[in-house]
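Please put together the full structure from these sequences, using the hints given.
Each residue of the sequence shown is one higher than the last, beginning at 35 in my numbering.
Just so you know, these hints were derived from the structure itself, not from any lab. One or more of the hints may lead you astray.
List of simulated lysine-lysine pairs, PhoX-like, C-alpha gap at most 25 Å [stated by the list, open to error]:
id	residue 1	residue 2
1	K112	K102
2	K112	K93
3	K196	K206
4	K170	K93
5	K206	K189
Given the structure is predicted, the values throughout are model-derived calculations rather than measurements.
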Amino acid sequence: MKTSLSITFPIKLVSVALAVSASALAQTSTDATGKKAPSVQTAESQAAMTPASALEKLKNGNARFVEKNMRSRDWQAKVPATAAGQYPFAAILACMDSRNPIEIIFDQGIGDVFGIRIAGNIVNEDELGSMEYATKVVGVKLLVVLGHTSCGAGKGAIDDAKLGNLTGLLAKIRPAVSASGPGSST
Numbered sequence: 035m036k037t038s039l040s041i042t043f044p045i046k047l048v049s050v051a052l053a054v055s056a057s058a059l060a061q062t063s064t065d066a067t068g069k070k071a072p073s074v075q076t077a078e079s080q081a082a083m084t085p086a087s088a089l090e091k092l093k094n095g096n097a098r099f100v101e102k103n104m105r106s107r108d109w110q111a112k113v114p115a116t117a118a119g120q121y122p123f124a125a126i127l128a129c130m131d132s133r134n135p136i137e138i139i140f141d142q143g144i145g146d147v148f149g150i151r152i153a154g155n156i157v158n159e160d161e162l163g164s165m166e167y168a169t170k171v172v173g174v175k176l177l178v179v180l181g182h183t184s185c186g187a188g189k190g191a192i193d194d195a196k197l198g199n200l201t202g203l204l205a206k207i208r209p210a211v212s213a214s215g216p217g218s219s220t
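Here is the structure:
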């Protein structure tokens with residue numbers, strides 16, 4: 035079953051989420067020394083997640099980010115904790131804009147989400163292949179197409195910018211610009 039949802043996040047990010055398949059939070063375990071291992075997504079926690087719970091997890095993470103109440107993470111410990119496999123719960127197609135780092139704005143850690151980033155968050159065969167891999171091979175429960183305000187690629191498409199290979203990328207955005215009616219990037 036596929037559904038489409040439109041969510042406006044508190045930090046002026048707009049998302050369209052598509053449920054792609056049928057929430058346990060990531061499990062924290064204790065190693066042989068009695069020390070707690072970092073919380074990471076597991077095959078079990080991923081399998082237990084639904085598209086709705088995956089979306090809720092992203093929304094809750096974004097609320098923590100906005101409230102400046104993000105979780106503390108041991109990033110160095112997460113690297114070996116996820117080395118044996120990855121079980122992300124969502125794949126996020128986003129613009130490459132440096133002001134919208136996916137894991138940070140959704141307060142997620144290593145191994146939690148796949149990030150697919152390209153200027154203007156366009157979709158071509160390469161991005162589609164990445165999404166196919168994420169859903170069919172790895173088992174993510176949610177695809178998110180994340181837009182943002184003040185997008186340079188959108189501005190370039192509106193202004194009909196010409197610059198080497200960027201010209202072709204912007205041409206893929208222009209139909210949406212045309213469909214939205216007259217306007218300017220200023």
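25 Å limit on alpha-carbon distance, applied to hinted pair K196 and K206: 13 Å, holds
Has the given pair, K112 with K102, been kept, meaning a C-alpha gap of at most 25 Å? 22 Å, holds
Between K112 and K93, does the CA-CA distance stay at or below 25 Å? 22 Å, holds
K170 paired with K93 [C-alpha distance capped at 25 Å]: It holds: about 24 Å lies between the C-alpha atoms, which stays within 25 Å.
So if I understand the rule, the pair passes when the alpha-carbon distance is 25 Å or less; does K206 with K189 pass? Between K206 and K189 the Cα gap is close to 13 Å, so the pair holds against 25 Å.
The structure fails none of the hints (numbered hints given earlier).
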